[in-house]
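Per the numbering used here, the very first residue in the sequence shown carries number 609; after that it's consecutive.
Simulated from the structure, these hints should not be mistaken for lab results. A hint or two may mislead.
Said to hold, decoys possible - Think about it this way: if two alpha-carbon atoms lie no more than 25 Å apart in a straight line, the pair counts; the simulated PhoX-like pairs of lysine-lysine are: (1) K620 / K757; (2) K914 / K952; (3) K857 / K709; (4) K795 / K860; (5) K914 / K941; (6) K857 / K824; (7) K860 / K709; (8) K952 / K940; (9) K952 / K757; (10) K952 / K734; (11) K709 / K734; (12) K688 / K940; (13) K795 / K824.
As the list claims (entries may be wrong) - So the derived label-pair ranges between C-beta atoms look like this: (14) E628 / Q877: 46 to 54 Å; (15) T738 / D718: 38 to 46 Å; (16) V871 / T633: 46 to 54 Å; (17) K952 / Q777: 39 to 47 Å; (18) Q939 / E636: 42 to 50 Å.
Glycine is no exception: its CB is placed at the ideal position from the N, C-alpha and C atoms.
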Amino acid sequence: MSNALVQIVMRKRNQRKNAEQLRLTTSEGIAESRFVRIGGIDQWVTIRGENRRNPVLLFIHGGPGSVYSIFSPLLRSWEKDFTIVQWDQRGAGKTFRRSGKQGSGLLTFDQLTRDGIELSEYLCGKLQQTKLILVGSSAGSLTGITMAKRRPDLYHAYVGTDQNAPDPQHLGHRLLMEAFRSTGNKKGAELLERMGTDPSAWNSGDVDARNRLMVKAIRGVPNMITDLIMPSMLSSPEHTMRDMMDMFKGMKFSAEALHEDMVRFDFDQIGYRFELPVFIVQGDSDFITPTATARAYYDRIDAPYKEFVLIQKAGHLACFSRPEQFFGVLQKKVRPLAVDAEMKQAR
609 MSNALVQIVM RKRNQRKNAE QLRLTTSEGI AESRFVRIGG IDQWVTIRGE NRRNPVLLFI
669 HGGPGSVYSI FSPLLRSWEK DFTIVQWDQR GAGKTFRRSG KQGSGLLTFD QLTRDGIELS
729 EYLCGKLQQT KLILVGSSAG SLTGITMAKR RPDLYHAYVG TDQNAPDPQH LGHRLLMEAF
789 RSTGNKKGAE LLERMGTDPS AWNSGDVDAR NRLMVKAIRG VPNMITDLIM PSMLSSPEHT
849 MRDMMDMFKG MKFSAEALHE DMVRFDFDQI GYRFELPVFI VQGDSDFITP TATARAYYDR
909 IDAPYKEFVL IQKAGHLACF SRPEQFFGVL QKKVRPLAVD AEMKQAR
């Protein structure tokens, strides 16, 4: 029996188990999941933590359109030291279900950035914090660095993971070609050869086909689809089967709507000077957003403080495949910045 079939058969049992795991009993805790009016539309926001006074982690999910609220059970231990905010962005998940294509408006990284900043202001007020910790993952790292650049006053630090980065040497193309060839994926190698190395010439259909084949080429580290996304989606107590169908619809819509923004994203226009601490925390074996390109991007960054950290035996979605390691980095290196700043503000 396949792993996916096992997950479907065990769905109800795993949902009950996760619901019990996610139950909060502390008097200072918060566990809210609801729509918040952001950017003129209702957007789904989940806030969880054992103490409202803890530093707030705002996740900017990737995909495009791949919501991270399904991963809450994996991050349950983090909630002792952080309040964790998951946001189904415009065009994704429950937000897409509420708005649909027409109600989502023009979906661009600029719009997502403006939505994210508005949400950040809302969270600071609601949770009585002066700033948040911003975590940008995969495609969400593009929105994340833009938010951090525009409004550094809202964030204690920017934490990039699965960090998208400039790739002038086409390293991502070469690594993926090697992965296809080493796994005997002739179809993937032929597709990649036909697409070429210039992202601006790619069409969304080929990118989607490449991504589907790319997942099958992952070896030696947890697979982001079969080991992370599908099991988490099927066992989430806060997501119905209809929610899951809407997630896939949102991912398709977002990928098509953001395709041009993705392939033409201009890091030079954003710039490499940041007015807040920057951490890049990357899986050591990530070839989807290659670790080497993330490191080269980090080397160009000018910030008051910066640090590059590798998550061992991890590929893409390192924070969910190795949550204990990632939590250790946040707890030791990032949380003290937020705690110290909030204490100084309170004096």
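Going back to the hint list, which numbers does this structure go against? Violated hints (numbers, rising): 1, 11, 15, 18; every other hint is consistent with the structure.
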